[in-house]
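From just these sequences and the hints, can you work out the full model?
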Amino acid sequence: MRDKAAVTMSDASPPWRAWLTTDTPQSRLQARLGRAWTGWRTFRRNRLAMAGLLIVLALVVVAALAPLLAPHHPYEQDLANRLLAPGPGHWLGTDSFGRDILSRLLYGARLTLMIVALVAVTAPVVGLLIGTVAGYLGGWTDAALMRVTDIFLAFPKLILALAFVAALGPGIENAVIAIAITSWPPYARIARAETLTVRHADFISAARLQGASSLRIILGHIMPLCVASLVVRVTLDMAGVILTAAGLGFLGLGAQPPLPEWGAMIAAGRQNVLEQWWVAAMPGFAIFIVSLGFNLLGDGLRDVLDPKGD
Amino acid sequence: MIRVEDLRVAFGQDANRVTAVDGVSLTVREGECFGLVGESGSGKSTVLRAVSGLNHDWTGRVSVAGADQSPRRAKGFFKTCQMVFQDPYGSLHPRHSVDRILAEPVAIHGLDDADGRIDRALREVGLGPSFRFRYPHQLSGGQRQRVAIARALILEPRVLLLDEPTSALDVSVQAEILNLLRRLRAAHGLTMVLVSHNLAVVANLCDRLAVMNRGRLVEELTVDALRHGDARQPYTQQLLRASQGYDRATAESFRDFA
Numbered sequence: 000m001r002d003k004a005a006v007t008m009s010d011a012s013p014p015w016r017a018w019l020t021t022d023t024p025q026s027r028l029q030a031r032l033g034r035a036w037t038g039w040r041t042f043r044r045n046r047l048a049m050a051g052l053l054i055v056l057a058l059v060v061v062a063a064l065a066p067l068l069a070p071h072h073p074y075e076q077d078l079a080n081r082l083l084a085p086g087p088g089h090w091l092g093t094d095s096f097g098r099d100i101l102s103r104l105l106y107g108a109r110l111t112l113m114i115v116a117l118v119a120v121t122a123p124v125v126g127l128l129i130g131t132v133a134g135y136l137g138g139w140t141d142a143a144l145m146r147v148t149d150i151f152l153a154f155p156k157l158i159l160a161l162a163f164v165a166a167l168g169p170g171i172e173n174a175v176i177a178i179a180i181t182s183w184p185p186y187a188r189i190a191r192a193e194t195l196t197v198r199h200a201d202f203i204s205a206a207r208l209q210g211a212s213s214l215r216i217i218l219g220h221i222m223p224l225c226v227a228s229l230v231v232r233v234t235l236d237m238a239g240v241i242l243t244a245a246g247l248g249f250l251g252l253g254a255q256p257p258l259p260e261w262g263a264m265i266a267a268g269r270q271n272v273l274e275q276w277w278v279a280a281m282p283g284f285a286i287f288i289v290s291l292g293f294n295l296l297g298d299g300l301r302d303v304l305d306p307k308g309d
Numbered sequence: 000m001i002r003v004e005d006l007r008v009a010f011g012q013d014a015n016r017v018t019a020v021d022g023v024s025l026t027v028r029e030g031e032c033f034g035l036v037g038e039s040g041s042g043k044s045t046v047l048r049a050v051s052g053l054n055h056d057w058t059g060r061v062s063v064a065g066a067d068q069s070p071r072r073a074k075g076f077f078k079t080c081q082m083v084f085q086d087p088y089g090s091l092h093p094r095h096s097v098d099r100i101l102a103e104p105v106a107i108h109g110l111d112d113a114d115g116r117i118d119r120a121l122r123e124v125g126l127g128p129s130f131r132f133r134y135p136h137q138l139s140g141g142q143r144q145r146v147a148i149a150r151a152l153i154l155e156p157r158v159l160l161l162d163e164p165t166s167a168l169d170v171s172v173q174a175e176i177l178n179l180l181r182r183l184r185a186a187h188g189l190t191m192v193l194v195s196h197n198l199a200v201v202a203n204l205c206d207r208l209a210v211m212n213r214g215r216l217v218e219e220l221t222v223d224a225l226r227h228g229d230a231r232q233p234y235t236q237q238l239l240r241a242s243q244g245y246d247r248a249t250a251e252s253f254r255d256f257a
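Read top to bottom, the protein sequences are chains G and W. Residues in the first sequence are numbered from 0 upward in steps of one, following numbering that gives the first Met the number 0. Residues in the second sequence are numbered from 0 upward in steps of one, following numbering that gives the first Met the number 0.
Treat the hints with care, since some could be wrong.
Claimed, not checked - Covered, in the sense of this in silico footprint (three residues per stretch, anywhere, with C-beta under 8 angstroms from a C-beta of chain W), are these stretches of chain G:
1. 17-26
2. 202-209
3. 219-225
Just so you know, the hints here were simulated from the structure itself, not pulled from any lab data. For clarity, every value in this text was computed on a predicted model and none was experimentally measured. Glycine is no exception: its CB is placed at the ideal position from the N, C-alpha and C atoms.
Written out as structure tokens, the structure reads:
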């Protein structure tokens, strides 16, 4: 019954869909878009992953539109109205300086997104480069690079990040650097493992027989095959990055007051956590939702991208 | 065109050392198709990989197109000598389109007119321009092997090494690919070395062949001699009998040749 419905639907599909799903694309662009479309259809079938994507998109929208959405200024203090319970006027209550928690959360989304984005464009790239080079070249290069990776892996992540922040000085940029420095080794490991599985494949031999340099093979042939599992891992790790950033903020080593970073907000609510639970709970809730969103998104991306799932 | 003298290849260290190729010498003339036949593990593919430059660990002498080759090859060598692999499912990059696969060698060697070359190469192997932007997973085994042949030919090499190019394909497609290879050889005056365990395939395409067993060259003979059953060595005769199909008497007459 369902199959029948699917057939009639594809018969009646609009021309753009036929253009996307054709077996004989006419141009590079069409071929690429067709592949993206197929991937998107796989992704869309996973409801939880769609929920994750919506949460992450919502985070982006909120961060972009924070000034429009926030009912108050995030730094605006109102000592007469401090520690108000959630209610009309202040939907999520106020903190110990009388600042509107909802507004601070909305502005804080920008910081969270910035941290996530900066870590996502640094650590995996470094890890990918080191892992693929080590895996493809092997021998001494492999030994040297992987021992460095091992050394970094031997440190507890948060402690190492703390040490870096302590050395570099507190602040959100330094927190990002510290998180990136501590989170690349697992990516290098994954990239190396993926490289080892493909480096003796016939298509790599074929590329060598065309005279391709090691650099060309690593960049053009090996990296595209590692990217999929790396993207999945990065999205799954984003929750951890948010938590580490929040942890650094909580310890006073990340974002500095009055920046509305979610971890720092929890730390500020610590004194009142028993009487005025919302001060710490609301930012905690925001961290929880966004982390969950990234985890669900990562699960869905694994279905789409991970070649082992085929 | 190709001259191999006393080629030795060994894998592994010390106690685990296995000699895969043990003093093989052979000569392939220009424009000739030379078959290299033997059972699995006889070292025939290893010879091919040493000639192609994929395997660096060998001793002896290999010369291609009149030039002695060192284990590591310069880029220019690959314009003379290309290879087609056995498994068309493994020899094409799963995330590269046919267009990208064919454009790569052109870009590596800095040749002009990539579009024209890709178009011509696709036509030559019997695939139309409609295949150009497909991905390997949208192609059948035979079509993939055609793409692999087009990739090998796009640099206009003079020598084509074929490592069991039809053994992963079903029988009707095998014939198509063999016909294609014969046509290409005539059109471009290619020198070919065909590695196969299938005597019928070798007899179909080659002029001369060599039989290998346990890393050694057992016998060299012409395809005509093969057809007439004029093999001198007992191992070759046994291989011939095996290729004609099994009955109990044949199977019982087999013995191991060390």
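Against the structure, the hints:
{"no.": "1", "hint": "17-26", "result": "holds (count 5)"}
{"no.": "2", "hint": "202-209", "result": "holds (count 7)"}
{"no.": "3", "hint": "219-225", "result": "holds (count 4)"}
Checked against the numbered hints above, the structure violates none of them.
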